Structure formats: structure tokens, C-alpha cells
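For the record, the sequence lines run as chains A and Y. Yeah, the first sequence ends on 367 if you go by this note's numbering, and it's all consecutive. Yeah, the second sequence ends on 367 if you go by this note's numbering, and it's all consecutive.
Simulated from the structure, these hints should not be mistaken for lab results. Remember, it's a predicted structure, so these values are computed and weren't measured experimentally. Warning: the hint list may mix true and false statements.
Any copy will do: because identical chains look the same in the list, a pair fits if it lies in one copy or spans two.
Claimed, not checked - Using 30 Å as the maximum straight-line C-alpha spacing, the simulated DSSO-like pairs for lysine-lysine come out as follows:
(1) Lys131 <-> Lys188
(2) Lys90 <-> Lys180
(3) Lys188 <-> Lys280
(4) Lys25 <-> Lys131
(5) Lys37 <-> Lys89
(6) Lys365 <-> Lys269
(7) Lys36 <-> Lys365
(8) Lys180 <-> Lys321
(9) Lys180 <-> Lys22
(10) Lys141 <-> Lys37
(11) Lys90 <-> Lys365
(12) Lys334 <-> Lys37
(13) Lys206 <-> Lys22
(14) Lys188 <-> Lys25
(15) Lys280 <-> Lys353
(16) Lys334 <-> Lys206
(17) Lys89 <-> Lys36
(18) Lys313 <-> Lys365
(19) Lys90 <-> Lys25
(20) Lys90 <-> Lys141
(21) Lys131 <-> Lys22
Single-letter residue listing:
There are 2 protein chains.
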Amino acid sequence: MSRFWSEVTKNIKPYVPGEQPRDKKYIKLNTNESPYPPSPRVIEAINTMNLDELRLYPDPECTDLMNEIIRFYDVNKKQVFVGNGSDEVLAFSFKAFFNAGDTIIYPDITYSFYPVYTKLFSLSPEVVKLEDDFTVNVNAFCSRDNGIIISNPNAPTGIALSLESIEKIVKTNSNKIVIIDEAYIDFGAETAVKLVDLYDNLLVIQTLSKSRSLAGMRVGFAIGHEDLIEGLNRVKNSINSYTLDRMAIVAGAEAFKDKDYFETTVSKTISTRAYTTVELRSLGFEVLESSANFVFATHPKFNAEDIYKSLREAGILVRYFKLDRIDNFLRISIGTDEEMKQLIIELNRILPKID
Amino acid sequence: MSRFWSEVTKNIKPYVPGEQPRDKKYIKLNTNESPYPPSPRVIEAINTMNLDELRLYPDPECTDLMNEIIRFYDVNKKQVFVGNGSDEVLAFSFKAFFNAGDTIIYPDITYSFYPVYTKLFSLSPEVVKLEDDFTVNVNAFCSRDNGIIISNPNAPTGIALSLESIEKIVKTNSNKIVIIDEAYIDFGAETAVKLVDLYDNLLVIQTLSKSRSLAGMRVGFAIGHEDLIEGLNRVKNSINSYTLDRMAIVAGAEAFKDKDYFETTVSKTISTRAYTTVELRSLGFEVLESSANFVFATHPKFNAEDIYKSLREAGILVRYFKLDRIDNFLRISIGTDEEMKQLIIELNRILPKID
Chain A
13 MSRFWSEVTK NIKPYVPGEQ PRDKKYIKLN TNESPYPPSP RVIEAINTMN
63 LDELRLYPDP ECTDLMNEII RFYDVNKKQV FVGNGSDEVL AFSFKAFFNA
113 GDTIIYPDIT YSFYPVYTKL FSLSPEVVKL EDDFTVNVNA FCSRDNGIII
163 SNPNAPTGIA LSLESIEKIV KTNSNKIVII DEAYIDFGAE TAVKLVDLYD
213 NLLVIQTLSK SRSLAGMRVG FAIGHEDLIE GLNRVKNSIN SYTLDRMAIV
263 AGAEAFKDKD YFETTVSKTI STRAYTTVEL RSLGFEVLES SANFVFATHP
313 KFNAEDIYKS LREAGILVRY FKLDRIDNFL RISIGTDEEM KQLIIELNRI
363 LPKID
Chain Y
13 MSRFWSEVTK NIKPYVPGEQ PRDKKYIKLN TNESPYPPSP RVIEAINTMN
63 LDELRLYPDP ECTDLMNEII RFYDVNKKQV FVGNGSDEVL AFSFKAFFNA
113 GDTIIYPDIT YSFYPVYTKL FSLSPEVVKL EDDFTVNVNA FCSRDNGIII
163 SNPNAPTGIA LSLESIEKIV KTNSNKIVII DEAYIDFGAE TAVKLVDLYD
213 NLLVIQTLSK SRSLAGMRVG FAIGHEDLIE GLNRVKNSIN SYTLDRMAIV
263 AGAEAFKDKD YFETTVSKTI STRAYTTVEL RSLGFEVLES SANFVFATHP
313 KFNAEDIYKS LREAGILVRY FKLDRIDNFL RISIGTDEEM KQLIIELNRI
363 LPKID
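Assemble the whole structure, with the sequences as input and the hints as a guide.
Below, the structure is given as C-alpha cells:
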């Protein structure tokens, strides 16, 4: 604590990202990265860039990347905002669309950055409990006349809402912003981008960190009504004119261009998820039905924190949250088939030693 | 304007960066980039990176880059904060150290992002007029007991304050934060980093966009007392855990490692600035004494906006600000010798046609 900190700085509770230990080589199943490298097109484009041009500022409009997003989603330029990862886009959205004291509604179990933004921007949170089966109670988000943020599929549960449910929430809160955070959408849920022409209160946020294998390059974006996008641009241009560097713009654009690679790696992850789910269940785990690139699992006999620690010792990182209602769960990112086989082998070895 | 914008979003006046036209090749003397490519070490390191790892999140601590900054400035890790360009670091500083309604003092003619941050974070600006010769009235910043931000050297004037003057301001405002924005420090002024062990209210901010030829990679940093740095980290970690991507971290670290290249390119710019100043003066321009990688010049006979437009037509971009007191000035970045010769040739051709 410092006498120079602002009140906000004193009171915020910063987000803690998944650990990234540098002591040895781990099988990393803790931060939902893609196990597959970026598209060969990304690699090729970076390798043929004129690096002398790094002396020059990037294009503040990220035109080349914007054009690919526009093409992919069949939207227009004024409906797209690009930022430094979806976290930055989320933060800018909170700043752009909420006043201090406004209420924002989100589930009790969801992406743990939402409460951080809520505190940072002095909003008033209303936390809606997930059902006992960890599904979202859709009706609790309808006709609320308050800001709403929902992760679809939800994290860390992996459970998706149907597009109909999303539309119902958006439609019945037409006077307030509804933000749908689609970080994991490509792994099995239906995007709400197709609704942005119908509802001016809907903002859809996505990232290239998961399904497009670019966590290391920090690229995220939002799609919504052009007035919302203009609001985001006003905030961004009051903070930092250039949030994406030259290489991130190139990498992002190329990742979008390679639709085949994207589809192939996503379907590999989906099939590895099916394998992993079956194997975990045969070990006695309860595994929630996931539409994301991770599974959320609990074992009725073994303590999740113990499993987490034993796996870590064995060189496998998974994510454990010491939080109410989910403190006996593990969130396990879907790696390659080989990595998941290794996980199952280690679990077979570890579990009997735990009790 | 949208019914969904927050009050802040409605009221802010976003920063407008220098134009980056894509229609043709210009001699770019308008955004103070280095005319020299990044160090060969930067190019080499990027070319030998394992690009498959771009699938993984970057190191949130930016350890490799931090270590180089620490080594270069002989400070410790807890005294350094790294961000996405100095603009982001400035924005986070405003959030970390000021409450809404707080007063912040800066000169009337300075980096035009300061009023933007002031508005964004609902601060109350106190604007101190530069003297008629565009120097900072140091006494007007002493014993003020309010937040202060000063660019040293100042932009767009290029005029530097002595370290003694900076120390006087920091020392006499010991209960409030003094931010020294040293974006251009390497081109002829003395850094206040050497004062950070003495004053816990001093925050020094620098960028790799100018003297280290990395505008395209978005790297900036702050050095100050560890409590201030902790405050910045709290804000950053409440917005975006990873503001620098993998390539920016590598590029920044390598740029710092190559001290020889840094010193060589900086001294080339200084000598080209001397040449440019002489030539402009011989054309009748009044040129302020610059300690930065640009000069600020006015011509008693010709209108600055006309010169700006004619130069643009001739394929040379310089910066023109239509602002009170400086609306007959041009800010001209220092390019290579060849580029500045071209500028002088064009001015010789253009000026007689203007009147």
C-alpha cells in the first residue's frame, strides 16, 4: 500500500493468471492455450516481414486484420473493434458502457476477470447463482434492465447456452448492454455474431488466443452495432492509439485467412475432448458436458487440490480454483492426444496414492 | 453518440495520432519515429524465435525485457514496470495515482495526450503557460502540492529541462506524484531515473519507440519507487494480464542489449538534427533549441499550414497542430541525412511559391 495510490488502486483485487513456471518443461493444461502451433501461414508471413519497418508505428486501424474479420463474419468495418487480447476489449467495454455505480449481472461461477473489472470501474455486481448442475439460469438474466455479461460457453464449466437463450436475454434487456464473451465459442457453441444486426444492445467479444493458436500475440476483437464500436474506439483512443503491434496485426490476419487450418485444429481438439471425457469418466471423474477447449471435472473420492498438486509434481499443469462451489473441481485444457494420454496415465498412477 | 455510452465515453476527446496514409510512399517526418531500423540483434532474435510458441501466452512479467532494463539503468526489478508503449503506461499511471476530481498540472503546450487522460479519468487540469520562448516556468511547478506531469524534453517544442530543475519540482511536491515523461530523453537531456532512489513520489516513463527504433512493437516502461510500481501492476493486472506479446518482449530485450547500436543511431540523429537546424535557419526559419528527435520551427514570412500542405503534396509528411500559440509552427521529425536534404530541397522549391 502506498500513500500515492488512488482509492481504486487500493481497493481492486487484481486478476491472477494461470501459473507459467519457467523451472522446467511441463505439459501445460492450465491456461486453455491451443496445443497446435499457429497456422503455417502465420509463420510464413512473419518470416517474410520486412522487419526494418518495426521502426514505424503500426496501423492504428489494424486494417489488414479488420478486413479478415469482416470477411470471416460477413459484417462491416464499423461493426468491428480490435484490441490487445479479449481481456483488453472486455476492460474497454466496461469503461465505455457503464458508469460508476451501475449494476452488472453475471453468474457466480464464471470468468474471474469480471469481478475484477466490476471493482476497477466501481460497478455494483449482481451475482446470479448457476443451477446445481452448473447450467445458467436463463430466466434470471431476462428482463433485468441492467448490464449483463455472460461467457458462452461459460468458463470454467465449459457449458454452452443455445443461441435462442442468448437471444432471449438480449431481447428482453433491450435498454441495457449485453456482452457475450465468446472466447471458447469455436469449440462447440453457436456465435451470437449473427444477432448483431438485429439488436443494438449486443456486444460479442472473441479472442485469437484459443481456437487460432495465438495466445502469445494478444489479439481479441468485438463485434456489435456501430455505435457500440464507436464507443470502444473512443475509449481506446483515449488510452493508447496503437494497442496491437505490427507483428500481431500480421499474425492475426493470417490466422483468419487460413480457414482450413483453423477448422482442422478445432476439430482435432473437439475429438480429443471426447476421448478425454470418456477416459476421465472411466477413472470415476464426473465431467461436465464441455463445448470449450477444456473440461471441468471432479472426483467423488479424491480431493481436487491433491490431484492438482500430484499432477504438478508429475510435470502436468492443470488449473485449480480454490473458490466456493468449485473447490473440488479441476479445469483441464485439451492438449494433443499424446498429452491427454499422458494425463490419463499419470492419473492412473496418482489416484491410488492419494486417499 | 449512443444511448449505451457511459458519461465518460460521451465526454472524452480522444487523441488523434499523426496521419499514416497508405496511398503512397512518403518521407515520414510526422510521428517522431527513428529513421533507422531496429538493431540487427532484434532482427536476428525475431528470425530465430520458435514461432510455434506463439500458441502460448507470453510471460506476464516480461522477465527477459525487465532484466535488460534493470541492467541498463542499474535499478532493481521492483522499480520497473513494463507496458504496451509509454501511452499505456501513462494511462495506467493516471488510473493508479489519481482520484476523480484531483488536480493535475501540466504546461499549456505539451504532449496532447495529457488532456485526454485528464478527461478520461475525470481529473481537474491546471494548465501552466509556457514562457514566451516556450521554456517551462519551473517555479510555477514548485511547491504546488498537486499531481504534475511534465514531458522532458517537452513535445512538441523539443526544449529540455535540466535535471536540477526536475529535482526541484519533485522535491518541493513531495506529497504528490510527479510524472516525468522521457519519451525523447536519449536525444539530449538527462534522465531523472537517477533520482528514483531519492524520491518516492517520482515516476519516470520512457518508450522504445523513438531512440530504440521499435515504434512498431509497442514497448514502454516506468521506473520509480517500488510502491508506485506495485500500484501500476495492480491496475495492469485488473485490465489485461499480458499487455506485451511474445515478439515485443524479445524485441525490447534485444534492443536494450545492443547498446552500441543504440548509441550510434542516437548520435547520428543528433548530428542530423544539428544539420537540419542550420539549414532551416538559413531558409529563414526560427528553430527552437531541440533536445529531441524532432525540431519545432516557424517561419516569420510563411504560413505553417501552407508549408505543411505543400510538403505533403511533395511527398513529405510533417506534423502541424492547429492549436493556440503554435498554429504557425511545424514539428519536423529528424530522419536520415538524405531525407533531411530532401526536405531542404523541397522547402527551397516550395517557399517562394507560397506567399
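Enumerated hints in conflict with the structure, sorted upward: Structure breaks hints 3, 6, 8, 10, 11, 16, 20.
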